[in-house]
Amino acid sequence: MKRVTAWLGEVAAPPLVFFALVVVAWQAATSLWEIPAYLVPSPERVLAAAGEHVADLARASLMTAGGALCGFLLSLIVGTAAGLVFSQSRIIERSFYPYAIFLQTVPIVAIAPLVVMWCGNGFGGVVTVAFILSLFPIVTNATAGLKRVDASLVELFEICNASRWQTLVKLRLPNSVPYLVAGARISCGLSVIGAIVGEIFAGYGAQGFGLGYLINMNTGNLDTAYAFAAVIAATLLSIAIFVAVTSLGATVLARWHIAAPRNDTTREALATSTRRNAR
Amino acid sequence: MLQTQALVRANGLNVTYQGEVRALEDLAFEIPPGQFVSIVGPSGCGKSTLLRVVAGLLAPSSGGIDVAGKAPSIARRSANRLSFVFQDATLLPWRNLRDNVGLPLELQQTGQAERAARIHEALALVGLEDAARRFPSQLSGGMRMRASLARALVTRPQLLLLDEPFGALDDLTRHVLNDELLRLWQAHGWTSLFVTHNIAEAVYLSQRILVLSPQPGRIVADVSVNLPSPRTADVRATAEFARITGEVAASLRRAAA
Amino acid sequence: MSMSVRCFAGMAALLLLSTAIGCAPNDKPAATDGALVPVTLQLNWYPEAEHGGYYAAQVHGYYRDAGLDVTILSGGPDTPVVQQVARQSAMFGVVNADNMLFARAQQAPVVALFAPLQTSPRCLIVHESSGITSFDQLKDMTIAMSPSSAFTHFLQHELPLEGVRVVPYSGNVAQFLVNRDYAQQGYVFSEPFVARKAGGDPRVLLVSDLGFNPYTSLLFTSDALVAEQPQLVEKMVAASVRGWQKYLESSTETNRRIHDVNPEMDLDILAFGAEAIRPLVLNDDSRRLGIGTMSAERWQTLAEQLIEIGQLKVAEAQADRAWTSKFLPQQPADHRATTD
Chain A
1 MKRVTAWLGE VAAPPLVFFA LVVVAWQAAT SLWEIPAYLV PSPERVLAAA GEHVADLARA
61 SLMTAGGALC GFLLSLIVGT AAGLVFSQSR IIERSFYPYA IFLQTVPIVA IAPLVVMWCG
121 NGFGGVVTVA FILSLFPIVT NATAGLKRVD ASLVELFEIC NASRWQTLVK LRLPNSVPYL
181 VAGARISCGL SVIGAIVGEI FAGYGAQGFG LGYLINMNTG NLDTAYAFAA VIAATLLSIA
241 IFVAVTSLGA TVLARWHIAA PRNDTTREAL ATSTRRNAR
Chain B
1 MLQTQALVRA NGLNVTYQGE VRALEDLAFE IPPGQFVSIV GPSGCGKSTL LRVVAGLLAP
61 SSGGIDVAGK APSIARRSAN RLSFVFQDAT LLPWRNLRDN VGLPLELQQT GQAERAARIH
121 EALALVGLED AARRFPSQLS GGMRMRASLA RALVTRPQLL LLDEPFGALD DLTRHVLNDE
181 LLRLWQAHGW TSLFVTHNIA EAVYLSQRIL VLSPQPGRIV ADVSVNLPSP RTADVRATAE
241 FARITGEVAA SLRRAAA
Chain C
1 MSMSVRCFAG MAALLLLSTA IGCAPNDKPA ATDGALVPVT LQLNWYPEAE HGGYYAAQVH
61 GYYRDAGLDV TILSGGPDTP VVQQVARQSA MFGVVNADNM LFARAQQAPV VALFAPLQTS
121 PRCLIVHESS GITSFDQLKD MTIAMSPSSA FTHFLQHELP LEGVRVVPYS GNVAQFLVNR
181 DYAQQGYVFS EPFVARKAGG DPRVLLVSDL GFNPYTSLLF TSDALVAEQP QLVEKMVAAS
241 VRGWQKYLES STETNRRIHD VNPEMDLDIL AFGAEAIRPL VLNDDSRRLG IGTMSAERWQ
301 TLAEQLIEIG QLKVAEAQAD RAWTSKFLPQ QPADHRATTD
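Residue numbers (my numbering), protein chains in the order written: chain A, 1 to 279; chain B, 1 to 257; chain C, 1 to 340.
Because the hints were derived from the structure by calculation, they are not lab data.
We put the CB at the ideal spot given by N, CA and C, even for glycine.
Wrong hints could be hidden among the right ones.
Said to hold, decoys possible - Distance condition first, Cα-Cα at most 20 Å in a straight line; then the derived SDA-like pairs of lysine to any residue:
(1) Lys197/C x Glu228/C
(2) Lys170/A x Gln112/B
(3) Lys313/C x Lys170/A
What the hints assert, rightly or not - Rough simulated footprint, nothing fancy, chain C against chain A, three-plus residues with beta-carbon under 8 Å:
(4) 59 to 70
(5) 132 to 139
(6) 146 to 157
(7) 222 to 228
Turn these sequences into a full structure, and let the hints guide you.
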């Protein structure tokens, strides 16, 4: 119980307080300056719109989440594979790495229509755009994690006459896990953005509609409050996915005991949790 | 266990980095099997480089080096030929002690049953049987170094190479581990090449000390350590101990001049 | 104050400041004797045939004759025309009737003045080879239409559309040309021509045939301008009417200007557009009451349709305040005919 209160106080409270302050300021601004609804809706109106359309917003969030997660998972698989190849061959790394950077820097809104043209509309198109946006951080982090191994560990494996494959699987891959977790935390947020942009260009068709569709539709009919509500839903979705990925990552890292304890209390906590988890 | 042929032999050994930096120059020595040899010298004299050449991690620029009559990288292929203990424990953080100690056997694809037996044996040697399921981050520096030792011994090596293994530990732990190492050596009799910059440690542990000069490293002295065996801690208080320590120190000073 | 509190306060202040800057109203130009009054007209898309009359008024000097120095600002996808005119950063704008109703529902103080296109050019383009000749035959295919347009929701509401996959419109006819089971949105005088020119076989289904017929390419302005400078508004409308009459009569010179400002629009498309637009501008109402006339009945019908398809809320609809006819000059639509 004490840990929950501590967590609430230290971790959850500050951003929530900030959020509350922003909402109050926003409400005050829209009322004081009589800002018209079609420009900036007040938090009140946004809340009303959210309440009115909560079912649609929930459905759309699920669809966008599906597209984002598929794109994200695909980027994890392909990105790690690319990292494996890059870490093993300098020539391949030098040949292909610039294109990975290109994927990162080209504005997604420019290539999304092209993606739709090649991959078609619907779920495939959405996942592809989400994938393209999330790929780069995974590739860089995977490559770094596979290459940045302690020199002494590499020497150890060499002295034990380990084969290239053994070194890759038993040393480099486990070494890359914290890097992959770091990359995953960046990519998961990007995948939501990608899914929404993908939806605006690709759409789901008969299968349903996502948050991108709602934002698009309500920008067209000037229902800014509803559009804002959809944007907030997208933000909440992003946060939820980020929190999930972060905690999963932390669990994986704790299980692998890679994170070096920064102070004694952490070491103690780590030891306690191991004792609890050990069979 | 005793063989008449030298286990490690160097002849006119030169190591030069990138054609410019001469790390080791014209080294020549022979180490008979079962001898505990320390290599001492100032920082940068190339002692770690020498160890790596013997391990086959580094190729000499010119000159010869062989272990049991073969080139080190080939000699290494023989399962129990040599082991290396690094300056830091180099344990894989994501494996528990058991799996860390068993790594060399795993890489050799030794069978499960034998591996388990050997791991248990190695852990018992260093007194870490109870910590088998712990992870490196949960252990103290001294325990980690013991685990590193256990890993080196799990293959029952003929040649043990140690690169300043106790340098990062506090004096108390260092003394304890010195005794452990000595005890293990006295029980198993492997040939040892022990790099250190601590003269007292070198004298305490070895039968012979090779003194290297500052860069480029050359052997400036080959000191025999005729202290009684088995050694106990009180040998440190003897006059002979002080004399040998002084002799080594003097060689170092002369070489630095 | 602690670091984090200072941080919050700073962020909040920044937020308020940027909102304030964003919402500051712009100054309106005042009329001075003799000199031309500068006027801005913001379009809702790239310059095309549907803006022909306004460009004609500029090219043939009708705005100048009325004492107005009109600058026509090109639009594009997502140009916030309503917001700009409502804030008076542009004096006049061009939108369609459904946009006007959405704007008023959000309390944007804007009002429509003049509706040159009486019949909406909005259509769906199907393949001739598909054999589809009417809307209820649309099934088991892909239709590309934008979810930010009202007609999309109208069609989805009205038609069964069995097995139809609605996808966003890509903005060009490329997909239409390669895909057989494909239809897309368009304007009757634009995309079909482009498709045919590229070798396709387009057939047009007019959305207005289904009864969804918002006035198109309306000229509109802010309530404030109507209240403060009614003569200016009257002159603008009158000159625009003359422009549209001219465009129907002779469009060559105007089309050259449109092509200059929008090189993507070839002259042959514009020529086709100018012809195809005639029946859209001239219907019974406009022939009788003048080009650009508007009726309460049509506005009301549109509002009801938008409410029914869920795009407009009953409580917020202000159909009657969305338009005014008081600036429409009475003139015979076809000026070649004698007055009736």
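Hints, one by one, checked against the model:
Using a Cα cut-off of 20 Å, the hinted pair Lys197/C and Glu228/C is violated, with the two alpha carbons roughly 48 Å apart. Between the alpha carbons of Lys170/A and Gln112/B the distance comes to roughly 17 Å, so the proposed pair stays at or under 20 Å and holds. Of the supplied pair hints, the one linking Lys313/C and Lys170/A is violated, its CA atoms being roughly 63 Å apart against a limit of 20 Å. Under the rule that three or more residues need a Cβ within less than 8 Å of chain C, the assignment of the stretch 59 to 70 of chain A is violated, with 0 such residues.
As drawn, the stretch 132 to 139 of chain A meets chain C at 0 residues by the rule of a beta-carbon pair under 8 Å; below three, the given contact is violated. Coverage of the stretch 146 to 157 of chain A by chain C is violated. Counting CB-CB distances below 8 Å, 0 residues qualify, and the rule asks for three or more. With 3 residues bearing a CB less than 8 Å from a CB of chain C, the stretch 222 to 228 of chain A meets the requirement of three and the coverage assertion stands.
Hints 1, 3, 4, 5, 6 from the list above are not met by this structure, while the remaining hints are.
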